[in-house]
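S.K.: With chain A fixed as given, assemble chain B onto it according to the hints.
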Amino acid sequence: GAGVSQTPSNKVTEKGKYVELRCDPISGHTALYWYRQSLGQGPEFLIYFQGTGAADDSGLPNDRFFAVRPEGSVSTLKIQRTERGDSAVYLCASSAYLAPYEQYFGPGTRLTVT
Amino acid sequence: GQQVMQIPQYQHVQEGEDFTTYCNSSTTLSNIQWYKQRPGGHPVFLIQLVKSGEVKKQKRLTFQFGEAKKNSSLHITATQTTDVGTYFCAGPGGGSEKLVFGKGTKLTVNP
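Keeping their order, the protein sequence lines are chains A and B.
All residue numbers for the first sequence refer to our numbering, where the first residue is 1 and numbers rise by one.
All residue numbers for the second sequence refer to our numbering, where the first residue is 115 and numbers rise by one.
Hints are computed from structural coordinates only; laboratory data are not their basis.
Take every hint as true, because none was put in to throw you off.
Derived pair list, reagent style DSSO-like, types lysine-lysine, alpha-carbon separation capped at 30 Å: (1) B/Lys217 x A/Lys78; (2) B/Lys165 x B/Lys220; (3) A/Lys15 x B/Lys217; (4) B/Lys170 x B/Lys217; (5) A/Lys11 x B/Lys220; (6) B/Lys217 x A/Lys11; (7) A/Lys78 x B/Lys150; (8) B/Lys171 x B/Lys217; (9) B/Lys150 x B/Lys173; (10) B/Lys150 x A/Lys11; (11) A/Lys78 x A/Lys11; (12) B/Lys220 x B/Lys173; (13) B/Lys173 x B/Lys184; (14) B/Lys165 x B/Lys184; (15) B/Lys173 x B/Lys217; (16) B/Lys150 x B/Lys184.
So here's chain A without its partners, still in its complex pose:
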């Protein structure tokens, strides 16, 4: 079946601009996670949704970052007033209710802030 998909695959934006990154999880997966990965590092947790609600947003670095999942499926990560330090690969993952730690990752969106 289809895996986790993310769009766009690459995004280049200017400092100060607003960006939206989209994630389409595996059908039927109730949990959705956003991670950020910098070069040479492991994925860093940002936010976790169980259904439509954000169950844990403790990883969001500041209030410029926001994510939604209005219908419990597709999620959008929104970054306002982008900074060069936001440049990274943004990974989305989903998991089934009974196996929360077996997370299936999408290909990621590479964000470059110039």
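M.R.: For chain B alone, kept in the frame of chain A given last:
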């Protein structure tokens, strides 16, 4: 906060040699996961360990969870070029289903 550390950071081996990566957590874990990320790819789930002292095998890969549930290891026997990639361990972050990942061990294999 919780930290997950992995050593070594890099490992270069000749094809056919064995490889081991070690993972240590600052806190006791209820379970631990291992993921593999190929160059240019995304992390792919390999296995979950739950029980103290648990050992699981997947063909040439052997995973072990420590008795104190604070450390784990991944051992690959007779590496192949298809084993190239970065291997991450990850543990629950506490309070939710988020994962805390180590920095990974990057394995390169010389044919």
